[in-house]
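> These are the residues of each chain, in order.
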Amino acid sequence: MTSVTRRHFLAGSGLSLIGASLCRSLIAEAQSGPPKRLLVVHRPNGSRGDQFFPGGGSSTSFQLPYISAPFEPVKADMVLLGGFDVPVLESWAFDSHGMGIIAMMTGTKPVPIAGFGPAPEDVHIAAGGISIDQIFAAQATALKGNLKPSLQLAGTALSSSSAGDAGPRCLSYAGSGANGALFPETRPDVALANIFGNFAPSTNPAPTGPDAAQSRAAQFRKGVLDQVAADVTRLRARIPVSQRPKLDEHLMAIQGLAAQVSTGGSPGGLGCGKPSLSALVGSGDEGVHIETSRQMLQIIKSSFACDLSRIATFQFAPALSELQFAQVLPQDVKLQDGHHTISHQGDADGISARARIDRFYAELLAEALLDMKNTPDGPNTTLLDNTLVVYFSEIDDGEGHGNQNICTALFGGKSWGLQGGRYVELGNRSSRDFWSTVAQVLSVPLSQFGDSVHPAMSPISGLFA
Amino acid sequence: MPFYVQKLRYFSPISVVSLGAVLALGGGGCSTSVDTRAHGQKNTGPAGTVANSVGGSSGSGANSGILTGVGGGAIASLGTGGTPGVNGTCMANASLAQARIWRLTDSQFVNVVKEVFGIAIPPEVSGAMVATSAINLSENQVVTASNIQNYENSAKSAAGTLVGNLAAITPCASAAPDAACTEQFIREKVARAYRRPLENDEVAQLMALYTLGSGESPATGVRLVLEAVLQSPNFIWRTEVGPASPSELVVGSKVTLTPFELAGAVSFFLTEAAPDDALWQKAQDGTLSSASVLTAEVDRLLVSAPTQRVLGEDAGLWVGLPRLERNDKDPVAFPTFTPSAKAALISGTKSFLGDVLQRGSTSDLLTSNSIYLNQELAALYGVSGLTGDNLLPVKVATSERSSGLLSQPGILTAASAAARGDVVHRGLFVLRSVVCGGAIPSPPANAIAVAATLPMDATEKERANFRAGNAMCAGCHALFDPLGLTHENYDAIGRFSLNDPLGKPIDASSTLVGLGADLDGPVNGLNELASRLAATRRPADCAVANLASIALGRDAKLDTSCALQDVKDQVVQAASFAEFFRALLASPAFLTRDVQ
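Protein chains in written order, with this note's numbering: chain X, 8 to 472; chain F, 622 to 1217.
Here chain F stands alone, though its shape is the one from the complex (with noise of 0.2 Å):
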């Protein structure tokens, strides 16, 4: 789609966004298109980001297209049996993100305040809605005066917090630091939460806000300081500029990432946090410039405990978890499934998630058999022999939790609805989280009183039966419904069973259409379905789109850097997210940042 290419080059992420979801969701109806990109054909042009293609995969199949919407209820084909790597080309010489400045979220800022400064601060620092989500696009934001004066509530409480124990956090140890010891501890703690060394006059700024204070007590001086940090634009605010002076920040030029700039994007990425002791000493001695440190210090971020957290946190939002937070199950047909029950399923398909992503192979996505189950889940799903509360992984021998992140309890009861399993919502999910499909419209407005005309009774099978037989349903429904048919096996709650309350054989068969040729054709049951996806690379391209929108701060779904591409190849190549890390972020196009 070249037309795309060409016009979308400066365009940012969110307008992109938009364009896509206008050509999804115009006339109302479901098709799709190819994506014909060539993986190895680069054209020159700085980033992309076309509108109607996503992640590319040069292996072994049809990619899964944007819904161009054209309406009419017909399905094309999604694929054409040829692989993106043929006939279209990727976007070379584009670095992967613009130089830019990019708020820290609300967890970011209390981590990095617990870090530097050793207290722990409420969670709500902003108040702002988008600022708080674990995803963060940089240029989704807004400071609003109501948040603008919630970091001034927050700076002083923390300031104030501070000073009642300031001989813990002044080099001096002193509860009265004089200007010496204050000017010492700027230069060394304000750095680490400005993420940078502060330049000559910032320091001096800073010292006239401790003369100020200091007129009644040194004390008042280090907190006016505090307060002044807390709510400076070089604490909340990341930059991603190079060290370019103004002048040379022309558009259309490129800049490199400074030391300190670059170990920022890779711990907010890995930690959620700003870059501790090991990678700020790195940073400040100049070695992390060299690719095999760099490298060497992902690995070592990666392995640790707060990104297996953040990492399980981050994919629990693409595969939908935050559904389960807010959908309560039938207490009359789901008496055991308690609130302990769904906040533990919760963390544990969390934990499941950030295992895979930090140290499981590629097929672990849809071939793993492990679950985190404790006492109460065990017994929930059939599994013997544990006790107590912690969560634990459990491998399970039978085939019904074969399917990697298909089979996950978890995702199978967030995905369904209070009393029964739902074949919509499944559907979407695969198609969606899994294999990065399109965005769906919502249903018409009388979709509602057609779907009434069924009785109250009737099956999930009967329900999807009735919307493939209605052309306004199945102009969109016939692409993901067969998916979700797959899943009958599994309740609301996500527990396995070969036949239905009455004693009559589950029918999870369906016939996968409009996917490509890779996936379409008739499938019976979740281990069949999983399989067959796992037979393709569409997968690990998806999760690995998905990671990258988090590392990149846009949606790097609709991506067609020839610098993502390779990325994409080098995980499918090692067969390992591990290396996804490495070489996302040692890559040259994360290293520099476009001017726009």
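The shape of chain X in the complex, shown without the other chains (with noise of 0.2 Å):
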């Protein structure tokens, strides 16, 4: 099991995060064409294979079953991933929702972290390891040269998991335990503002001349944050070595932030805008959800039209959601119970409400796949063709929880090598595999990653020119 953290990656390397953006420059020149970036999307509780994948083995041509159909206006830039599993041992005995994000993020085993409350469902986890997305931002110089390493969203952080419990909320991890879950933020105005800041976009009209409050301000916050970056750096000479590392994390979030100040915005792709949310007027926990889910994927677009970000994960729910879909599922399956319940529901009324509120997760990323595939990204290319987005559940089916044939589907990534309109049965490849392929084409040497228990890692042929 790896204990290199994001910060090791990055101490490593011999950059900073000051000195990553000013090398942006330098990498946006080097490269030839828009950026390639990463979405990884989770939905929680599992999916049924026969009413996700076409059956019948590997084919170009096939019609897409009940819960993949909305997908069908991007079906020739998806492939469906058949026998696609996550590396979990049986005598990993914990909570298999949280333990399968954290396998096919990590791949690692997970840690248990503090919980309180008696029941084994209140002991917390976390990942034993770093996050692939966070070892791509460390390493992949093609994901790298933009503002924010990555960023982490989620639709709603309303779960029957206890708010701490990282396994089940978090996708992506600087390191093991607690001190290493990125907890993502479910508040679409935060992300917005956080993401974009004071951003103006080059392809707006060009200020009519240098704005001298905004340029106060900005002269202001420098020196804020210049103030606080000192502080750190002096507590952090006061305190024992083994305190530090709390330190170095906030030290390196306000070099950050302070980066920010220094460069502004970024010129932006073709398909840039700010995007202008909307109140959440959705009604009750489902409607806000649902709002909240389409604005952060809006989110996530822009940053990547931007080029604020070039990594991404999204989280529609966290795994053990108890969301109730009154408004989703139609009157003659409409349940009381939330959708982990209903997951378990093996009934023809519980087989066919969570059917539904899987294809109703499909068509909300089917919405913002296709947003993407409309966005320019430069000459002869969208937004689509140069994000690789992979989607995936952590677990088989509410009703097996297993760990094997999750219902996984990549979409766009054709700057990436990646052929869509394909159904690709792997014959129960790991997640490990996949992404040590990933690694592969981003030239990201993935020698060790997650728990030193599993095999070596093998590259999956074929999926990639």
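Hints were generated in silico from the structure; no laboratory data involved.
Incorrect hints may appear among the rest.
[As the list claims (entries may be wrong)] List time: in silico DSBU-like cross-link candidates among lysine-lysine, alpha-carbon distance up to 30 Å:
| # | chain 1 | residue 1 | chain 2 | residue 2 |
| --- | --- | --- | --- | --- |
| 1 | F | 777 | X | 229 |
| 2 | X | 229 | X | 421 |
| 3 | X | 229 | F | 810 |
| 4 | X | 380 | X | 82 |
| 5 | X | 380 | X | 421 |
| 6 | F | 777 | F | 810 |
| 7 | X | 229 | F | 735 |
| 8 | X | 155 | F | 777 |
| 9 | F | 963 | F | 1125 |
| 10 | F | 735 | F | 810 |
| 11 | X | 155 | X | 421 |
| 12 | X | 82 | X | 421 |
Only a predicted model underlies this, so the values are computations on that prediction, with no experimental measurement involved.
Put the complex together from the two separate chains, hints included.
Quick look at the structure:
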């Protein structure tokens, strides 16, 4: 199991955040064409394979069944991955949900973290090591050169799991344990402000002259942040060595904000524009969840288009989500229970209801994918062409709670060499093999990823050209 | 278990928790080990936490051990009949925590801003999930870029509000403070926010920010100062590193908390806020280093209203009350269990817990007949004579509410399913929350399929009998199902009944096994269970371990220090939880920190 953190990667490569931002223009110049982006999307509680996959083995000519049918408009940009497993050992006796996400994103055995309360489900877990998106954020040159090394967003924080339980709630980990968990932002307005700040895309009309008030505000902000950074450095020198990593992350984050002030915006791509979000007017938890998910996906798309970030993880809802879908579910299968409870229900009503929820998440993602497909990103290329989207759930099916044959799909990624319009039966290949394939495309040496108990990784041939 | 004592001496608490759980989970089964530490036999190593023992109970019987998970489904005896005070060792000369920085929770952040600057700010500060928990482990923290961005947003927003009312917060009562006034503000107010006096160069740096902004206006100058202060690590992180210079922070050495650090440690634990005027004064004049002054301050804060609320919130977590917040009842079976009843039940349970820990006797945990009710809850639980929405403590004359923690309707309801009581979770509650038994692994993947072979309408008793007869299930369930079966007279919302809906008498009998000689044996109903538990010191020791976890910012349930053992002994001897706060916070081992 790796104990290397994102910070160590940065330190090892000799790049601080500031350094990275200074290198940005050089990297951009060295690249030809629009940059690559990576988006990992998670939906909770699994799906039935027979309603997600066409069946019948690998094919380029297939009908999409009920759950995946909403992807029809982006079918040519889609690869359905059958036989896709997450690396979980039977002896790892943690809750399958959180463990499935951790296995997918980090390949590690979960570590229990503090949890209070009497039941096993009250035990919180986190990953045993760094997640793949953070490895790529630190090591993949093609995914660097942006203002925010990575984004972590989600469509809701509501869940039957505890707020501090990283396992079901976090896709991204900077390192092992609770200290490494990167909890996603669930408030669109905050996410927008944090990512875009005072960003003004250069494709907007040029300012008429130097804005003295803006310039002064930037000077003030820089002054405050420099003072905070000085405080962190001063305090760091006065605490035991064992405590200093806490402030290393703190200092890096402050320096990241200071870099924002220095560089202002980014040139942005052809489709760059800061999204204007309406208030969250959806009714009830369900309505707010749906609207939040839409807005978050819009923010990710815009931050990609404006090249503010090139890596994002998005979680529709935490694993074990118990959101009730009164609006989504048709009257004839409407159930009182929440999503997770329904996902366990094996009768006709349960199967029908959970398929409808899974299909609804597909509809939401398909909307965002179409938006990316319609967003120009350079001459003759779209944002979707340059973005590899990985769409997965943490278990195979709510009834089985297994770790094999996870309903997974890829989208976009044409510039990565991904040829869409395919259903590929992998024959039980691990997500570690998948990530090693992606690492190969990105020229990232991924000799060790995840728990050492797993077999050596082997890239999947034929997935990317 | 000397091996672990030696091997784990420098493990961080979180590492130990991990190892403990690994032991607990390995093999997927449940069995137990016995804590053989001796009270009185002292090991001279630093703070030790062993993975395979729980808080000592040197008095009346065997301890509950963490589960070592050797598999096979059999249950080893949890106790040998001997006392942990006989055979093992505790760790002497260990401080109760390491020298550290400890991040404020968001609620603490909000409280300090309110206390020092007099304004209420939105509760979302950093957006960090871990940091918003009332349980805030010092080594269980990280600041992400997103958190830091959120801190900046909160600081800007709060500073913007404050400069709108500068006359109220500056010593010169001016809306346009000059440099001298601002410097005085920094030395007085910012010091309270940082919980220590500022050094001269720190004042000078903040004054440089004032100068930068005052070119626009004096208010802008103060605004920049406030923005920097509210984002400063000096504000966001509590320090417990003593007065030593960096070169003196040698690994393996010990530091003594400064009076200001000690005041902060006491204050944040008891009130979730920075030291108030009286405590600050005693830190400033140095009198807090006197044990009698410190104890008097602890006593003063202990009886304050914030402390009752804080203790109730904290204890609510370890008894599993959050389960009730996210657990709705079947509206058809329980139409009178309204959202307002649920909210009142949660609030009333926290008040009960706060009362017991703040001023109760240790026996109140298992024998109190007090519950908090308002008119709606009184009607629900068959108590007459209450009107209005305000929750009031009521002594219930009948035996159905005379089992303290166990007969609290809020806890019974939390550990229940939507439509019926829940033997599993009620048993787990007693095992884990009342006697601090070790962690139980999640059910194996096929548990749902196995359970599905039972008829849908099987009773809790039938389900428990099924599990007892299935070796795979019994491996763990035999430890806690019998505890849960004693609760059978209480329905899904904690109402008592002698008969089931069909009029048949309810059988709440079971036989406890594997819990130790002091607990094992036939038992019938909740009152009998409570009496048996109350005859041991385990519940008091367990409550102390949980309280100590909050005070120390680490999981103290695995702690083997002599200092904590002494605290437990003092609490048992005084038979009062108030003694815990005096004993712990004035303990020499609390006043120092080990450098790691």
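> All the hints need checking, so say for each whether the structure fits it.
These are the hints, each one checked on the structure:
no.: 1; hint: F/777 to X/229; in the structure: holds, 13 Å
no.: 2; hint: X/229 to X/421; in the structure: violated, 40 Å
no.: 3; hint: X/229 to F/810; in the structure: holds, 24 Å
no.: 4; hint: X/380 to X/82; in the structure: holds, 12 Å
no.: 5; hint: X/380 to X/421; in the structure: holds, 11 Å
no.: 6; hint: F/777 to F/810; in the structure: holds, 18 Å
no.: 7; hint: X/229 to F/735; in the structure: holds, 27 Å
no.: 8; hint: X/155 to F/777; in the structure: holds, 21 Å
no.: 9; hint: F/963 to F/1125; in the structure: holds, 29 Å
no.: 10; hint: F/735 to F/810; in the structure: holds, 12 Å
no.: 11; hint: X/155 to X/421; in the structure: holds, 24 Å
no.: 12; hint: X/82 to X/421; in the structure: holds, 13 Å
Hint violations for this structure: number 2 only, all remaining hints satisfied.
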